[in-house]
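Chemist: Please model the complete structure; the sequences and the hints are all you need to start from.
Protein chains in written order, with our numbering: chain A, 11 to 374; chain B, 11 to 374.
It is possible that some hints are incorrect.
Copies of the same chain look alike in the list, so a pair counts if it works inside one copy or between any two.
With a straight-line Cα cutoff of 25 Å, these simulated SDA-like cross-link-like pairs (lysine to any residue) come out [unchecked claim]:
#: 1; residue 1: K57; residue 2: L67
#: 2; residue 1: K280; residue 2: G210
#: 3; residue 1: K181; residue 2: N300
#: 4; residue 1: K160; residue 2: T15
#: 5; residue 1: K160; residue 2: K181
#: 6; residue 1: K280; residue 2: E68
#: 7; residue 1: K160; residue 2: I189
#: 8; residue 1: K160; residue 2: F136
#: 9; residue 1: K160; residue 2: D275
#: 10; residue 1: K160; residue 2: M11
#: 11; residue 1: K57; residue 2: E68
#: 12; residue 1: K292; residue 2: Y322
#: 13; residue 1: K292; residue 2: S37
#: 14; residue 1: K160; residue 2: H245
Simulated from the structure, these hints should not be mistaken for lab results.
Number of protein chains: 2
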Amino acid sequence: MTSFTPLIDSLPSTVPFVGPETILRRSGIPLRARIGANESVFGPSPKAIAAMQEAALESWKYGDPEVHDLRAAIARHHGIGIENVTVGEGIDGLFGLAVRLFVEPGVTVANSFGAYPTYNFHVAGFGGNLVTTPYVNDHEDPSSLLDLAKRENARLIYFANPDNPMGTCWKAGVVQDLIDNIPAGALLMLDEAYHDFAEGSVPALDMANPNVLRFRTFSKAYGMAGVRVGYALGHPRLISAFDKIRNHFGVNRMGQAGAIAALADQAYLKSVQQRVARAREKIYAIAQFNGFGCVPSSTNFVAVDCGRDGVYARKILEGLATHGIFVRMPGVAPLNRCIRISVGNDENLAALEEALPLVVKAAG
Amino acid sequence: MTSFTPLIDSLPSTVPFVGPETILRRSGIPLRARIGANESVFGPSPKAIAAMQEAALESWKYGDPEVHDLRAAIARHHGIGIENVTVGEGIDGLFGLAVRLFVEPGVTVANSFGAYPTYNFHVAGFGGNLVTTPYVNDHEDPSSLLDLAKRENARLIYFANPDNPMGTCWKAGVVQDLIDNIPAGALLMLDEAYHDFAEGSVPALDMANPNVLRFRTFSKAYGMAGVRVGYALGHPRLISAFDKIRNHFGVNRMGQAGAIAALADQAYLKSVQQRVARAREKIYAIAQFNGFGCVPSSTNFVAVDCGRDGVYARKILEGLATHGIFVRMPGVAPLNRCIRISVGNDENLAALEEALPLVVKAAG
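Modeler: Structure below.
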């Protein structure tokens, strides 16, 4: 039999990515609330939907491999150059490419313990050596992350602002300090997937800085998770490197058209932001009513603090699943005292409100 | 500045993938015939379009990361198990992953000189050592490919049947012989993107053979190039390895729904096959009228033999471009005496018929 590379052989065969469809197939319990993956139940702009439906008629054509029009629209939106923008198959796809640019066996990557697992999946996938520092007060901790990166001679630093899975956020000034203190030879991958929910969290886009790559997505506030469009912003030296390895025809045609339309409809984005803020308050209230705390959120989800350990939080999560309510939870202590509830529509949250007291009671 | 890996530094910065949109942007000449990328102008099944338009309404949801329902439909269609199927972002995306499973610097890959360049792009991208053997009579040559693989101790062998860019094809028995003679330790990547156009070219699907991976796509006969859905078939040992590295949420929701609907509409596929066969005859006739030969095609494109060298063929290609006719051509001699014309609709071929005599005359 043909040998895989030693790196491939070393990777775990377990699949960490369990979707709600899989849970449904296993349990047979119909979903009443799909509020576990930080998707936006409010959906994309109707104009984006219309653009995708129209593009479906032309879907026999490959999408533009340069993704020119969408990149130009993104560049205009941010007041930067098209050479500062690359588009990929969601942020996850871009993380795979970005990690591949810098990581080979022996290269160290610094991250927060418990931060976005898909990033770490890619670091492992290219043989990187992951080192971590704990969250502090449910925040990723910029100063200890910098210390760690310096001490361990990390080539990459991952930092999400706002954070996932805890939903916490630093002000722009703190992130700017982090940027200003990146150790020599290191690059910061700044994941801003949720920045649309967190006013004041975004430091200026400095495209002359060759040591920062910033990642954005249409999956969250723009409500297009199933469409698969994310982008990275940075110095042309960084952005052009993606062209050496990316799947040039990989961004689907409907996604390119839909993202252009979504970006043009900022009024819709604003309405989503308002609806998310209201739904967050409702989740806070439901949690409080059940004796749970909440980590104040700057995202479209809330880390609900179940007040004990990970075993108990998992009991709550599994209890909710029996009521057709799909939520997720952080993977490691102490974050895993929480369950992570994405904002839902009124129906979803009514289902949560109804089920949670029963689940808490049953959990004892 | 942060160091890329030495492998990334070694890769060329030039982008080999120039789409018709780029050509249009550069030339300003409106496209009259987009017949260069072997897309299907006949489009997807109307049922697939409807399914994608419907799925756009739910595009706030990530696609199923297991792509369960589409994999199950593919498995049923082929009479194999779901564990024999993985789905990715087009064949190109799957080639990237498949190559990554086996190739690291020092690993040798055997291919035909002038075969599908995107595959070689991925081999280079993971540091593989590409060795090639020439086409014989415009066919990829199984026996010299086997000799080469054996001599060079290749870990991977790429073989496309039917072939791209020449459109030639071997009967199933010849391919079965190739499979039966794969050297110990090697794996055959059998690209069957165009098999729907070539009856009698497909050897039986033997999913117990751990040394063959077969690649199929919805981009060609199913007319969904812009949707980005391809799949690989093989032994579970091979298929499950993709899960270690693939972008689990990468296959967009509309694509999953559209591909299921497309697969279910075999009557539409049949009608496309008939229209492609008719259009091919028309291209043969146009070529002949202009004094050009044709390589008999088993695909949805025709390699038109311009009868001289690559410089002359490029002159013809560039001449056609000035008339808004987008075609491509093979990259290396002696294949590049040809231009590659994809099947078009009546309008497209009328434009070709009108322009080609002028272009030939101007080329001298």
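Chemist: Each of the hints needs a verdict: does it hold here or not?
Modeler: Structure-based check of each hint:
Taking identical chains as interchangeable, the C-alpha atoms of K57 and L67 lie at most 25 Å apart whether they share a chain (16 Å) or sit on different chains (11 Å). Taking CA atoms no more than 25 Å apart as the test, K280 paired with G210 passes inside one copy only; the shortest distance there is 15 Å, against 57 Å between copies. In this assembly of identical chains, the alpha carbons of K181 and N300 never lie at most 25 Å apart, being 31 Å within a copy and 69 Å across copies at closest. In this assembly of identical chains, K160 and T15 lie within 25 Å of each other by CA distance solely across copies; the values are 19 Å between and 31 Å within a copy.
For a Cα distance limit of 25 Å, the shortest separation of K160 from K181 inside one copy, 23 Å, qualifies, whereas the shortest one across copies, 60 Å, does not. Taking the shortest alpha-carbon separations for K280 and E68, only the inter-copy value of 20 Å comes in at or below 25 Å, while the best intra-copy value is 30 Å. In this assembly of identical chains, K160 and I189 lie within 25 Å of each other by CA distance solely inside one copy; the values are 14 Å within and 52 Å between copies. Only within a single protomer do K160 and F136 lie at most 25 Å apart by alpha-carbon distance; the minimum there is 21 Å, versus 29 Å between protomers.
Taking CA atoms no more than 25 Å apart as the test, K160 paired with D275 passes in neither setting, with 42 Å inside one copy and 58 Å between copies. In this assembly of identical chains, the alpha carbons of K160 and M11 lie at most 25 Å apart only when taken from different copies (15 Å versus 43 Å within one copy). Proximity of K57 to E68 under the C-alpha cut-off of 25 Å is found in both arrangements, the shortest distances being 17 Å within a copy and 14 Å between copies. For a Cα distance limit of 25 Å, the shortest separation of K292 from Y322 inside one copy, 23 Å, qualifies, whereas the shortest one across copies, 70 Å, does not.
In this homomeric assembly, K292 and S37 never come within 25 Å of each other (Cα to Cα): the closest approach is 28 Å inside a single copy and 55 Å across copies. Taking the shortest alpha-carbon separations for K160 and H245, only the intra-copy value of 23 Å comes in at or below 25 Å, while the best inter-copy value is 45 Å.
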